[in-house]
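Asks: So the protein sequences, as listed, match chains S and C. Counting in the working numbering, the first sequence runs from 129 upward without gaps. Counting in the working numbering, the second sequence runs from 129 upward without gaps.
Just so you know, the hints here were simulated from the structure itself, not pulled from any lab data. Watch out, some of these pointers could steer you wrong.
Copies of one chain are not kept apart here, so a pair can be met inside one copy or by any two copies together.
As the list claims (entries may be wrong) - Below, in silico cross-link-like pairs of lysine-lysine (DSS-like), each with a Cα-Cα straight-line distance of 27 Å or less:
| hint | residue 1 | residue 2 |
| --- | --- | --- |
| 1 | Lys450 | Lys478 |
| 2 | Lys586 | Lys347 |
| 3 | Lys450 | Lys279 |
| 4 | Lys427 | Lys450 |
| 5 | Lys571 | Lys317 |
| 6 | Lys317 | Lys403 |
| 7 | Lys450 | Lys173 |
| 8 | Lys208 | Lys414 |
| 9 | Lys157 | Lys317 |
| 10 | Lys586 | Lys523 |
| 11 | Lys157 | Lys173 |
| 12 | Lys484 | Lys548 |
| 13 | Lys364 | Lys580 |
| 14 | Lys549 | Lys364 |
| 15 | Lys403 | Lys571 |
| 16 | Lys523 | Lys317 |
| 17 | Lys450 | Lys571 |
| 18 | Lys347 | Lys216 |
| 19 | Lys216 | Lys317 |
| 20 | Lys364 | Lys467 |
| 21 | Lys549 | Lys564 |
All figures in this text were calculated on a predicted structure; none of them were measured in a lab.
There are 2 protein chains.
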Amino acid sequence: MYPTIGQYGLYTDFYELTMAQGYFFYGKKEQTANFDYFFRTNPFKGGFTVFAGLEDFLDFLSGFSFENSDIEYLEQQGLKTEFLNYLKDFRFSGNIFSVSEGEIIFPNEPVLRIEGNLIECQLIESLLLNILNFESLIATKAFRIKLVSDKKIFSDFGMRRAQGLGAIHASRASFIGGASSTSNVLAAKLFDIPVSGTQAHSWVQSFDTELEAFRAYAKIHPENTILLVDTFDTLKSGIPNAIKVAREMEKAGNRLSGIRLDSGDLAFLSIRARKMLDEAGFNYVKIIASNQLNELVVKSLLSEQNAAIDAFGIGTELATGKPDAALDGVYKLAKIGDKPKMKISENIEKVTLPGKKQVYRFSDSEGNFYRDAVLLEEENIEDVKILYHPVYPEKFTSVQDCSFEPLLHKVVENGSSLLKKKSLVEIHNYLLERAKLLPNEHKRFISPHLYKVGISKKLMETRNNLATQLKTNK
Amino acid sequence: MYPTIGQYGLYTDFYELTMAQGYFFYGKKEQTANFDYFFRTNPFKGGFTVFAGLEDFLDFLSGFSFENSDIEYLEQQGLKTEFLNYLKDFRFSGNIFSVSEGEIIFPNEPVLRIEGNLIECQLIESLLLNILNFESLIATKAFRIKLVSDKKIFSDFGMRRAQGLGAIHASRASFIGGASSTSNVLAAKLFDIPVSGTQAHSWVQSFDTELEAFRAYAKIHPENTILLVDTFDTLKSGIPNAIKVAREMEKAGNRLSGIRLDSGDLAFLSIRARKMLDEAGFNYVKIIASNQLNELVVKSLLSEQNAAIDAFGIGTELATGKPDAALDGVYKLAKIGDKPKMKISENIEKVTLPGKKQVYRFSDSEGNFYRDAVLLEEENIEDVKILYHPVYPEKFTSVQDCSFEPLLHKVVENGSSLLKKKSLVEIHNYLLERAKLLPNEHKRFISPHLYKVGISKKLMETRNNLATQLKTNK
């Protein structure tokens, strides 16, 4: 049996536990640590990422504990009794600083920082990465679709192709990114997302004729009938039958909501369908399209082919974030006690930023996003006028005349959430507000302009000094 | 809060419920229906698919019911009281026929058939597709890795990049496909999978020096120490320090289990590492490699580059089935009462096969898989000597001299599972046994030979007659 959310202590990689046991026996459990969550590449070769999953992660975190059967299981895996006794009462009791859910974020800036004892910071790593990586991936995908949907709407139809229970997170993140509804009833209930559904071919096939099937559906759902018109022949049978039923519905004082195209050439068929519906006097009947859609197809249908589509149902690619399928987020140690920590690497790009940090966003005189900057937390932002390229110190830029705002806010204090519970609509609206401030050149799909994330001089020096020290004294 | 497995009645697409309500009010709830589950394309441009997820699906199905809050929620969505009263006591009470979990399967053959009243068959569609599509995708990915791993082993390290709770299914399916262990502790506990883990960079960084970190880990986990050697400099620091610790462990009567390479050129570094370890007298120390691996990289490392790698840790691509990210499985109505049903389509390839069917596998005189065939259940397999191409009737082949076996077995009767609970090891062993019988030309990665699935003459005629009838009488 799958556990409820309160029983997810084992939802972690095993090495988190073996390392935690080590920290426990080496007296490191009282050491304060800081870890950063960040990613290295925007998904879908895009120019931005949408941060999502925060509330969901905090929900799981609040139930991250070990029940008796978990402790027994870990004992069988060779973990030691003294450490297991500690785990029995384990609860995350640290602090979390995070960008807001729905924020536009960029590679190589810490978008979430965890501060706590070394054991608790380590134990929650896998859970954090699992949820934030996935929901941010899907919210980004959904928002990309939203960007090209003009004023059309799209619904998440992805549950049947989603990655098992990942479907639940996918529906949540899709709505944050811009889906107007979901077909996934469980997700709709859990997260208060509008639920939507039409009919499948099996409905049509279960009657002797298509017309009979359409009539039957309209009779039982007069307030919301969307007829699937491609079971036999879209233009010769499906649409003519839908028009008959639309006429009958009008006589009964109702209105047919829409028709759905699920195969064939969606541009061609939608234009023909629109014409047939309009000529029959049903210009209020909407045309919904589905079948292997993604942001590129939607863009092409609407902007190149003038498809007469009012709404899209999007499944596989939305629910799985295909083709990327994952955001490459990582979780790295930045400080223990008062010692900044970093990972050096053969690749300078993979060197991490040490110390407790804050991220600031600088905006130009029109209020548009201009640069992000990573600073040491102790720095006074007022003193920072120059940002440095994180890798090449000879590249720098002035932010003298920019306004700025901190992006990391405390959302958990001593294990308790400070987060004002937001509806997903509020999170989505926040995304819209922020995305408006992101210049368009970062939003295009083909070779988007790189949004620059710099570091302060002090952070650069701290990193370089520490790197030198590590290389000479390993 | 996420529900437990017994509360997944709402884990469905909304249209399943609106259609079910329609069936209910049109007196169709007593009609017996047959639905087929099949897919159209092997994932990863491969020549086969591994069927997985059956037991997991049946577990969810056994808990597929509606609790009070679900009923209230559905009432708010406009569903009618009489139908909701029916849902209160809903339990799947039909029959399921399925190929065995771990079976090698091919496109366009029904690999699972559901028989029950129309409502129950419809309601469980989304759940079935969600779990079987995903686990089959991942089991296939894992087995592809297994095929090129020679005698090396690989572990599932994917939880952090998996699609939320999809991680649990991913770990299960990975093990069926050939992973030797998982890092995901919850999945390991739920499905009795060996759990494995090494250490992260944060362990090494939490000590003042790498050597100190290695010594500390070895002291606390002397029975299973795998040292991560790339935190500072693999060849100049990591491996020399690992050798020091291996020497100290020997003195204390223990043995270092392995080292792990997680960056840089894995072929080059593993060969150098092997040489250094061997020269120091530690030929028993294994070399584990991780970092963005997939079946193509593993194949290249082992067969082209002679990498000295003993085991792989595979994350993102294994846990997400990247780049496909989904299997395109569908669920189609085949019969209602005594009427065969089918979906006709503009594309003949997308026409479905009507009626209650059985799938047979024919083998050649050496026992190797030769052809699969879809027959009407009522047909006597002994009478079927010729198989027809499903689309082009002029293409046919004789199976006169072949042995045969039915692939669909009853696994659920009147809602109760008949399935003898198998361990995942047994399922994996079944896969190995079956895969041995699949000729190699279907297993290669580049342009694999198409394994042919034919249909019987009677099924072809039934389909063609029904198609004609549907086109003239819609």
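Asks: Check each numbered hint from earlier against the structure, then list the numbers of those it violates in ascending order.
Replies: Checked against the structure, the hints that fail are numbers 2, 5, 6, 11, 13, 14, 15, 16, while the rest are satisfied.
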